[in-house]
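S.K.: Chain residues, written in single-letter form:
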Amino acid sequence: MSADRREWPLYEVFVRGKRGLNHVHVGSLHAPDDAMALRHARDVYTRRNEGVSIWVVRTDAITASSPDEKDPLFAPNGDKVYRHPTFYEIPENVPHM
Amino acid sequence: MTTTPAEPELQERLQAGFDATIARNDRIEPRDWMPDDYRRTLVRQIAQHAHSEIIGMQPEGAWIGRAPSLRRKAILLAKVQDEAGHGLYLYSACETLGVSRIELTELLLAGRQKYSSIFNYPTLSYADVGTIGWLVDGAAICNQVPLCRTSYGPYGRAMIRICKEESFHQRQGYELLMTMMRGTDAQRAMVQESVDRFWWPSLMMFGPPDGESPNSARSMAWGVKRNSNDELRQRFVDMTVPQADALGVTLPDPDLRWNEERGHHDFGDPDWAELAAVIRGDGPCNAERLRHRRTAHEDGAWVREAASAFASRSAEVAASASAGPSGGAGAR
Ligand SMILES: [Fe+2]
Ligand SMILES: [Fe+2]
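In order, the protein sequence lines correspond to chains A and B.
Heads up, the first sequence is in our numbering, so the first residue is 1 and it goes up one at a time.
Heads up, the second sequence is in our numbering, so the first residue is 1 and it goes up one at a time.
One chain only, chain A, in its complex shape (with noise of 0.2 Å):
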């Protein structure tokens, strides 16, 4: 047998900590199926309370940017300074702004 049909696939577990805040990364595991990741992920990464909701997410499903493209992604807002509150000028004398 081929070491990848040995190996279970990844998935990649995300945990909501409690209600209102996002769903966090928190680490990887392997499992045959998406049924026996979200118990593995129960096992491994909430024995605490540690959260309240569960996502595992196929590593292969995810598509990510890479670090060597970072200033070409991320330049277009790099210049965009209007986008922010702190460009525009008001007055002392105007509350609540």
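Accuracy of the hints is not assured; some may be wrong.
To spell it out: a stretch of chain B is covered by chain A in this simulated footprint if at least three of its residues, at any positions, have a beta carbon under 8 Å from a beta carbon of chain A; those stretches are [said to hold, decoys possible]: (1) 27-38; (2) 310-319.
Residues from chain A that keep clear of chain B, each with C-beta distances beyond 10 Å, as calculated [unchecked claim]: (3) Gly-78; (4) Val-81; (5) Met-97.
From the structure, some residues in chain A lie toward chain B, with a derived Cβ separation under 8 Å [what the hints assert, rightly or not]: (6) Trp-8; (7) Ile-54; (8) Arg-58.
It should be emphasised that the hints constitute simulated quantities derived from the structure, not laboratory data.
Each residue gets a CB set at the ideal place from its N, CA and C atoms; glycine is no exception.
Dock chain B with the ligands against chain A, hints included.
M.R.: The following block gives chain B with the ligands in isolation, referenced to the frame of chain A:
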């Protein structure tokens, strides 16, 4: 392979970017460029760390069935389960460097990757469960807290999760020993005997002295390690002495005393020849630990196969159900 004239320049640029990230005390993340040696060092260190958590379940695991009460059994089970979890966090961090967990498992089983020397000592009495929690997890905490700030992001994040859980490990061990120290003379003697056996091996957990730790300097320069072996060993001794006093046990070192001038305890040298022997494979339990790990791995093969078979069968059923006229009727 053809080398374009731009390539050495590119290498330099990548190296400079890496160096700048380290110099800023910033983290290196999985998809960043990194020098091959940095990657290799991390794989070796994280794998060794992961294997230690997994092998580390054995000495204490041996006492789960013999724990003296349901309360102690539940605590010990939870502690050993945590160690399995620590192993998995670390394998997961290691995999971000481009190695697979199965590869690492095979290297461990083949004896080609190491784990901490401490787990090659036997647990001869129930007091050892307490001593391991107090001293061995205590030493692990000293090692691991600075690693939360290690330069490789996934490793540091795994260490943060681990450190949160280690405090329970140390406290349950110390509480167990305190309970025994409040018991009979025989129980107190059992605690002292256990501490006598584990004290020196615990000090060895920090590795050889700085002068004989050739890769340390480079690991420190890379921010992989944050403190030297001797620094951490000293920190551990200083933390442990008052705990031993409070417990009422003696640490088996005639040279152990407070040094007013240094503001630290002086202490004797562990038997470095013994450490070398244990690392070489000649400790009291090296063969047993690996044999047990291999058996567990082989005994679990049918479970892994069954789960894979179930997963592919379910996928087939789901595919044919959605393709067929009835639709919707999945496997589950
Ligand atoms: Fe651990
Ligand atoms: Fe622990």
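S.K.: Is the claim that Gly-78/A lies outside the interface with chain B correct, judged by CB distances over 10 Å?
M.R.: For Gly-78/A, whose nearest Cβ neighbour in chain B is about 18 Å away, the distance exceeds 10 Å, so it holds.
S.K.: Has the segment 310-319 of chain B got at least three residues whose CB is nearer than 8 Å to a CB belonging to chain A?
M.R.: holds (count 4)
S.K.: Please check whether the segment 27-38 of chain B has three or more residues whose CB lies within less than 8 Å of a CB on chain A.
M.R.: holds (count 4)
S.K.: Would the hint on Trp-8/A be counted as holding, given a Cβ-Cβ threshold of 8 Å to chain B?
M.R.: OK, holds: Trp-8/A within 8 Å of chain B, min 7 Å.
S.K.: Was the hint right that Arg-58/A lines chain B, CB cutoff 8 Å?
M.R.: violated, 12 Å
S.K.: When you look at the beta carbon of Met-97/A, is every beta carbon of chain B farther off than 10 Å?
M.R.: Label holds. Min Cβ-Cβ 35 Å, cutoff 10 Å.
S.K.: Holds or violated: the hint that Ile-54/A contacts chain B, with Cβ atoms closer than 8 Å.
M.R.: Result: violated, 15 Å to nearest chain B Cβ.
S.K.: Confirm or reject: Val-81/A is not an interface residue toward chain B, with every Cβ-Cβ distance exceeding 10 Å.
M.R.: holds, 24 Å
Checked against the numbered hints above, the structure violates hints 7 and 8; every other hint is satisfied.
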